[in-house]
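K.L.:
If you're matching them up, the sequences are chains A and B in order.
Heads up: the first sequence runs through residues 1 to 411, numbered per the working numbering.
Heads up: the second sequence runs through residues 412 to 553, numbered per the working numbering.
Source of the hints: derived by calculation from the structure; they are not laboratory data.
Note that the structure is a prediction, hence the values are computed from the model and not measured.
By construction, the Cβ of each residue, glycine as well, lies at the ideal position given by its N, Cα and C atoms.
Incorrect hints may appear among the rest.
Unchecked claim - When the alpha-carbon atoms are kept at most 20 Å apart in a straight line, the in silico DMTMM-like pairs for lysine to aspartate or glutamate are as follows:
{"id": "1", "chain 1": "B", "residue 1": "K516", "chain 2": "B", "residue 2": "D480"}
{"id": "2", "chain 1": "A", "residue 1": "K375", "chain 2": "B", "residue 2": "D465"}
{"id": "3", "chain 1": "B", "residue 1": "K481", "chain 2": "A", "residue 2": "D251"}
{"id": "4", "chain 1": "B", "residue 1": "K430", "chain 2": "B", "residue 2": "D489"}
{"id": "5", "chain 1": "B", "residue 1": "K481", "chain 2": "A", "residue 2": "D222"}
What the hints assert, rightly or not - Selected chain A positions facing chain B (in silico; Cβ < 10 Å):
{"id": "6", "residue": "L41"}
{"id": "7", "residue": "Q57"}
{"id": "8", "residue": "C160"}
{"id": "9", "residue": "L163"}
{"id": "10", "residue": "D164"}
{"id": "11", "residue": "F288"}
What the hints assert, rightly or not - Label pairs and their computed distance ranges (CB to CB):
{"id": "12", "chain 1": "B", "residue 1": "K430", "chain 2": "A", "residue 2": "K137", "range": "37 to 45 Å"}
{"id": "13", "chain 1": "A", "residue 1": "K106", "chain 2": "B", "residue 2": "K430", "range": "38 to 46 Å"}
{"id": "14", "chain 1": "B", "residue 1": "R490", "chain 2": "A", "residue 2": "S339", "range": "43 to 51 Å"}
{"id": "15", "chain 1": "B", "residue 1": "Y435", "chain 2": "A", "residue 2": "G318", "range": "44 to 52 Å"}
{"id": "16", "chain 1": "A", "residue 1": "D130", "chain 2": "B", "residue 2": "D526", "range": "53 to 61 Å"}
{"id": "17", "chain 1": "B", "residue 1": "E514", "chain 2": "A", "residue 2": "N201", "range": "53 to 61 Å"}
{"id": "18", "chain 1": "B", "residue 1": "R490", "chain 2": "A", "residue 2": "E238", "range": "43 to 51 Å"}
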Amino acid sequence: MKSSEKIVIIGSSVAAISAIETIREKNKNLLITVITKDKDLFYSRPLISHINLTDGQRYYRDKNFFRKNNVNLVFGEAIIVKNDSVILKNRKNIKFSKLLLAVGGKPIIPDVKGINGKNVFTLTTKVDADNIKKFCKNKKHVVVIGCGMIGIKAAEFLKCLGLDVSIVELMNRPFASVLDDKSGKIIADEIKKHTKLILNNSVSEIKENQCILKNGEKILADIVICAIGVVPNTDIAEKSGIKVNCGIAVDSQMRTSKKNVYATGDCVESLDILKCEKRPLPIWPIAFRQGAVAGSNIIGGDARYDGSFVRNSVNVFGLPLITLGLSNEKAGEEIVNSSEKLKVYKKVIVKDGKIIGAIFIGDISRAGIFTGMIKDGIDVSNFKNEIFSENFGYIYVPKEFRSKEVVPIEI
Amino acid sequence: MACRLCEIACLVAHSKSKKIIKAYKEEFPNLTPRLIIEQKGPLSFAIQCRHCNDAPCVEACVTGAMKLDKRTGLVSHDREKCVGCWMCVMSCPFGVILMDTKEKKVATKCDLCADVGSPACVDACPNEALVYKESEKVKKIM
C-alpha cells in the first residue's frame, strides 16, 4: 500500500482494535481513521453489566491506545458508503482507500405493545448500562425479556443494583439455543435461587408499571430490559448496496461485495464449520481473529479466515457454564457425565466419530481441549468412552495432531 | 516418567516464601501448580502454557488480561485485570489455563517463572525431559 492511502474503520470494539494492532505491527505510518458513535472508548462490551470493576478491568485497551497507534478519531454516525467516501449523519464526508466495517450487532426489538416506552431498555453498550443505572434509581421491579447471554447478564446487573428481577423466557429453558432440557433445568434451578424465572411465556404488553404476559398474568415492572438477542448490524451495508445475507456477506479474506470494503465481527456472516453453512457467529474470539485477518489483507497481505463455530463461557450467578458448537442438537451419540449433588453436568456429542458439540456446567476445567478437538476435527471413536475419565487430557489427542514440542518423541 | 518433581518446583516457585518446607506447610492448600502432569500407559509428560504465537486465549480474553508480547513471545496474564469469565479456559487447546478459585476467582497459567528468572520445572527435571529454549520465530524478531 502507498503511504498516501487512507484506511477508514467504522466501529471501535474488538474487531477494529484487532485490525489496528495487526496493521500497526507491519506499518507504522499509514493513515488510519476510526469513525465511532461510542464516546467512551475501549471499554469491553461483554463487561458492561459488571458492577464494581476497576478501570483496569473495564477497559480492554488503555486510554491512549489511539494516540499510541497514531489513529485519527472521528465521533459520529456513519450512514452510507458512496464511491470512496463514508458519509456521516452530520453530512461530513470521509474519503478512504480501504474501508473496514466493524459495526457489530444490534439488539432485536420485538413487536410488542409499549416496547417504545421510556421504561424499556436494551443492554449492548456502556451507554445502555449507564442509562439503566440512572433510570432504575428508586425503582423496584424489573422484567428481563429473554434468558440468553444478555438476559442473564442483565438480570445479574439489576439484581446487583438492588432490584427485584423477573426473567420471562419464551422457551422451556434458559439458553435454549445451546442447552438441552437437562442442562437447561440445572441452569434454571440455579437462576431461580436468585431471581424469578418465568418459562414458556412471553410479554404481550408493556405498561408503565407492569407487563402483561401471553397467558394474561400481570407482573410488576418499573423497568423492562429487552434481551432477546442481537442480529448483525447491516444498516450501512444495505444502504450502500453491499451484499447482505444473514449478515454482511464476506469472502475468506473478509472482503465484501464492494471493492476496497472489508467487514468483520458481529456484523458479518461466517462459515460455521460444523453446520457447513454461513451464518452469524457473533462471539468475541471470532471478531478478534477476523479483525486480524482483515487488517492484514487491507495492507496487502493474504490472510484467510476459514470459519469457526459458536462457543461461549458465562458464569450464571457464579455457576460456570461453557457450551461448544452444536451443543443442543440431537445429532449423534451423547456421552454424559453428571452429578446433581455437585451441580456438575458434562456432555459431549459425537457424530461420525467427531465431536460436534459439548456442554460443561460446574466443572469446566480443561474444556479447551474439546474446543481444539472440534476445530481440528479429531476422530474420537477410539477413546470416546474415556472422555470423562479422570486421566483424560491432552495426552488423548492423537499423535499427528499433538504439538511436537509437548511430546517430541514417544517411547 | 511422571516423577512430579516439576509440579513441586512449580508450586514452590509460585509460593511467597519460595522455600519448599515453608510453602508446603503454610501455603500449600492455596497454591495452584501451573502445569499438569498427564499419564497414559507408558507415555507421560508435563504440560504447561505453550506461549503460542497465535494464542487462542489472547483472542478470547475480553478484558485484555491475557497478552502476547510479540517481542519476547511470552503470553502473560494479569491477575488484576482478570474477571474470571473463563473464556481462556474454553479456548486453550492444551487445557493448561487453570482456575485459581481460592481467593479472587481468576485464571492462572505458566508465567515462565517471571519472579525467579528461569522456569523452575525445567531446572527441577532430573531427566532433561523439560527443555526451555528460544523459538526460532522469536530469535528472528530479536
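K.L.:
Please flag the earlier hints that this structure goes against, numbers listed from lowest up.
P.N.:
1, 3, 4, 5, 6, 8, 9, 10, 12, 13, 14, 15, 16, 17
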